[in-house]
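**Student:** Spelled out, the chains give:
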Amino acid sequence: MLTDITIGQHIPGSSIIHRMDPRIKILVTLLMITILFFIDTFIGFLLFLLLVIIILLTARLPIKRVLRGLKPVFFLVILTLFLHLFLTRGGEVIWQWRFLRIEEAGVFTGFFMVSRILLLIMFTSILTLTTSPLELTDGIEYLLKPLARFGLPAGELAMMMTIALRFIPTLLEEAEKIMKAQKARGADFESGNIIQRAKALVPLLVPLFISAFRRADELALAMESRCYRGGTNRTRLHELKLKSSDIYLFLLAVGLAVAISFF
Amino acid sequence: MLIELKDIRHIYQLDDPVVALDGVNLEIERGEFLGLIGHTGSGKSTLVQLLNGLLKPSEGQVFFEGRDINSQEVELKEIRRRVGLVFQYPEHQLFEETVARDIAFGPKNAGLSEEEIENRVREALELVGLDYESFKDRSPFNLSGGQQRRIAIAGVLALKPEVLILDEPMAGLDPAGRRKLLELLIHLHRELEITVILISHRMEEIARLADRVLVMDRGKIVLQGRPAEVFTERERLKEIDLDLPVVTDILKKLEEKGLKVRTDIFALEEARDEILSALEKQSQFRESRPC
Amino acid sequence: MSQIEMQGVEFSYRAQQDKALAGIDLKVEKGEFISVIGANGSGKSTLAKMMNVLLVPDKGSVTINGLTTSDPDNIWQIRQQVGMVFQNPDNQLVATLVEDDVAFGPENLALPTEVIRQRVDQALKTVGMDGYQSHPPHKLSGGQKQRVAIAGILAMLPDCIVLDEPTAMLDPMGRKEVLETISRLNREENITVVLITHFMEEAGLADRVVIMQEGRIRKTGSPREIFRDTGLIAEAGLDVPEVVALANQLRQQGLSLPEVMTADELVDSLC
Ligand SMILES: Nc1ncnc2c1ncn2[C@@H]1O[C@H](COP(=O)(O)OP(=O)(O)OP(=O)(O)O)[C@@H](O)[C@H]1O
Ligand SMILES: Nc1ncnc2c1ncn2[C@@H]1O[C@H](COP(=O)(O)OP(=O)(O)OP(=O)(O)O)[C@@H](O)[C@H]1O
Ligand SMILES: [Mg+2]
Ligand SMILES: [Mg+2]
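Protein chains in written order, with our numbering: chain X, 1 to 263; chain D, 1001 to 1291; chain E, 2001 to 2271.
Hints were generated in silico from the structure; no laboratory data involved. Cβ coordinates follow ideal geometry from the N, Cα and C atoms, glycine included. It is possible that part of the hints are untrue.
Unchecked claim - Label pairs and their calculated CB-CB ranges: (1) D:Glu1075 with X:Leu100: 35 to 43 Å; (2) D:Arg1234 with X:Pro153: 54 to 62 Å; (3) X:Ile33 with D:Gly1066: 32 to 40 Å; (4) D:Arg1226 with X:Pro62: 45 to 53 Å; (5) X:Ala216 with E:Gly2008: 29 to 37 Å; (6) D:Lys1257 with E:Glu2188: 27 to 35 Å; (7) E:Glu2214 with X:Leu205: 33 to 41 Å; (8) X:Phe209 with E:Asp2073: 31 to 39 Å; (9) D:Ser1071 with X:Pro153: 28 to 36 Å; (10) D:Ser1071 with X:Phe82: 51 to 59 Å; (11) E:Gln2253 with D:Glu1233: 51 to 59 Å; (12) D:His1187 with E:Glu2214: 38 to 46 Å; (13) D:Glu1123 with X:Asn193: 57 to 65 Å; (14) D:Glu1191 with E:Ser2070: 51 to 59 Å.
Kindly generate the complete structure, drawing on both the sequences and the hints.
**Tutor:** Quick look at the structure:
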């Protein structure tokens, strides 16, 4: 379960999607997320899903992996679905049992919300799976640069993100190891009521936080010793250069977005 | 027979599955001191996690006193109490406010009485060579790395395990700390008759301590036997990138140069005596200086 | 002028605490290979951090190629000249691709892209990791990760590399890879090496060994000199390498042997 989280795990590759300029990718992702919140027809969602699938195939990403990334939000999805099913009122009554009642509008909004969440996660995973964290931060840094004059430390923010992303897999591994070590001493993470379970997490969370701090400390030292002094005044091995193909892809994405939002 | 592994395969299910163990059969007797060696990724850590049910094998069975530990009837909690596992860098799992409470975590989970728990904590601390009164109320986080390591090991010893497994317990310790830990292991094995399984990259340690050595390579046990049997297989070990203990290496090289020495010796004193007597014989033979 | 000069260096992490360094005098010459050994908590890591301005002394002075570390204007120049490799490879790799990680230092030095590219490729070649440019580091073995970390330092063209227990978490193969890389850099590129280690055989590879105890330098000398003094070694909570221990044992029994550090030397002097 812990290792299911896909956001922040980069799968290197050489597809068009992988090679796309990260700035464009981020903008397109933002655009698509916005569109996602305006779609309110079945066809719209279907088209969007089709788009996601096409991108997945072009990027040659393992579909299984992307789907597994949805597992952690499963609970949220079910909850959303049920809340809408039973609480949203409007349209014909489809099903009723004592005070529980499902109405037509509930089914629709439930379905839409769930589709939105799932597609949103999938689309963002595509971004992080195909973009190395360093590219991602370069992109974000660039896009935030205009805000620097209002005092926003774009470079530092970007660096913090990179590191967060770089350490997510490491910390997940660590969590699994600590969990095993405590289980070896008889800890029980699976049974009991909610309060007992929350309490059982202490032996996991305390060492995990300590470890995160220790790693952060060591990483900070390692970075400093390699002359890192904040985001300013750095050059890049991979300078961001817009290729003409990036422009085409961007325009294509905008076109698609407009098209989808018409349905 | 205390523990038995039968036709074990273990596969980590990732995007590209990793076969970590592939056809492992193993029998462990009560009271043995087992050394486990093999280069990185050969499956050592995976193997030991099967022994107390932290991992379930993809195929095959693990028996403890004849019972399949992954069957319905067996309580894994009981197995984990009787088979203690000390992970690499165990001090990274400390979490309580005081040393005593951290060590008590295992006994508490086992449902022991307050009084029994206190006794266990006291005994465990004394075993690892730390004074109960002066350490029990200290925060484990304000101790030196070596002390933290010993507290963490005490946390496992407090369960009074019959089998103690240690996964590279010496990494990062200074020579004195390492020697102390080795002495502790010898004590646990000889005096308390605990079955010990030690994973280590230091061939000297394994050669001197273990009754039996298991050599792993790519998920298989490729060689096993008494240290004297295993470490005389120099060519075989070299094939899988393992070194000989330094003393064995020296004796082998002497043998190659024509000095008649035994090569199945690991203790320094024995090696010294062997070399001296071989040199003596040789010089009697030539009645001059050695060689 | 020595490359690294420490004079009367004292340091404590917190005001009331015992001194982590209690008066250190040490000189390291350009191109030298020294190793530092000592019990846990004897101050080795603290000493290493002084060489790279990660810490500055409370008292005394540290100068690197004539630049004093207590002058903030010198920090970046010194850090470019003295690189550091730490124990845990996972906590010092910044990026998710090998080449991006090696490029991190040169990027911080604000070098032009072409220069960075060239330095990255050269550094990876030097440590024998050419061809791994676009691998993710977390899929490498421990020894490979440490060599990438070393490449990251080399790409800054340093004069000196300080390694704080770089082999502690590695298996014997990984250790061998890293040690061979370090020795080669010292021999062929004339890079000064300071190696901190708990493996006595590793310390034996150096030109000079420094023994630390309770924040002080107990003794420095050639490995042969150092490991001859078994009383001091025991007092400092250390050990002699197995080969030396066996040779000492033989000598005690009246065999006359020259001083040896390696198995081959011992075997040759016996036969
Ligand atoms: N939690 C895990 N998830 C996925 N793969 C794993 C996991 N743990 C180990 N592996 C893989 O299984 C194989 C065996 O690993 P294992 O940790 O048992 O080796 P080891 O002999 O203990 O190595 P080391 O000496 O480095 O500790 C390796 O290829 C490793 O990458
Ligand atoms: N960040 C810190 N805060 C407070 N005290 C510290 C810190 N780091 C080290 N110390 C203390 O300073 C002293 C010297 O520590 P140092 O880390 O230099 O030892 P070391 O020789 O590197 O030990 P080891 O072999 O365990 O790595 C020790 O007493 C230690 O407890
Ligand atoms: Mg292991
Ligand atoms: Mg240290």
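**Student:** Against this structure, judge whether each hint is valid.
**Tutor:** Now the hints, each set against the structure:
{"no.": "1", "hint": "D:Glu1075 with X:Leu100: 35 to 43 Å", "verdict": "41 Å, holds"}
{"no.": "2", "hint": "D:Arg1234 with X:Pro153: 54 to 62 Å", "verdict": "59 Å, holds"}
{"no.": "3", "hint": "X:Ile33 with D:Gly1066: 32 to 40 Å", "verdict": "59 Å, violated"}
{"no.": "4", "hint": "D:Arg1226 with X:Pro62: 45 to 53 Å", "verdict": "47 Å, holds"}
{"no.": "5", "hint": "X:Ala216 with E:Gly2008: 29 to 37 Å", "verdict": "33 Å, holds"}
{"no.": "6", "hint": "D:Lys1257 with E:Glu2188: 27 to 35 Å", "verdict": "32 Å, holds"}
{"no.": "7", "hint": "E:Glu2214 with X:Leu205: 33 to 41 Å", "verdict": "36 Å, holds"}
{"no.": "8", "hint": "X:Phe209 with E:Asp2073: 31 to 39 Å", "verdict": "37 Å, holds"}
{"no.": "9", "hint": "D:Ser1071 with X:Pro153: 28 to 36 Å", "verdict": "58 Å, violated"}
{"no.": "10", "hint": "D:Ser1071 with X:Phe82: 51 to 59 Å", "verdict": "37 Å, violated"}
{"no.": "11", "hint": "E:Gln2253 with D:Glu1233: 51 to 59 Å", "verdict": "30 Å, violated"}
{"no.": "12", "hint": "D:His1187 with E:Glu2214: 38 to 46 Å", "verdict": "29 Å, violated"}
{"no.": "13", "hint": "D:Glu1123 with X:Asn193: 57 to 65 Å", "verdict": "34 Å, violated"}
{"no.": "14", "hint": "D:Glu1191 with E:Ser2070: 51 to 59 Å", "verdict": "55 Å, holds"}
The structure is inconsistent with the numbered hints 3, 9, 10, 11, 12 and 13, although it conforms to all the rest.
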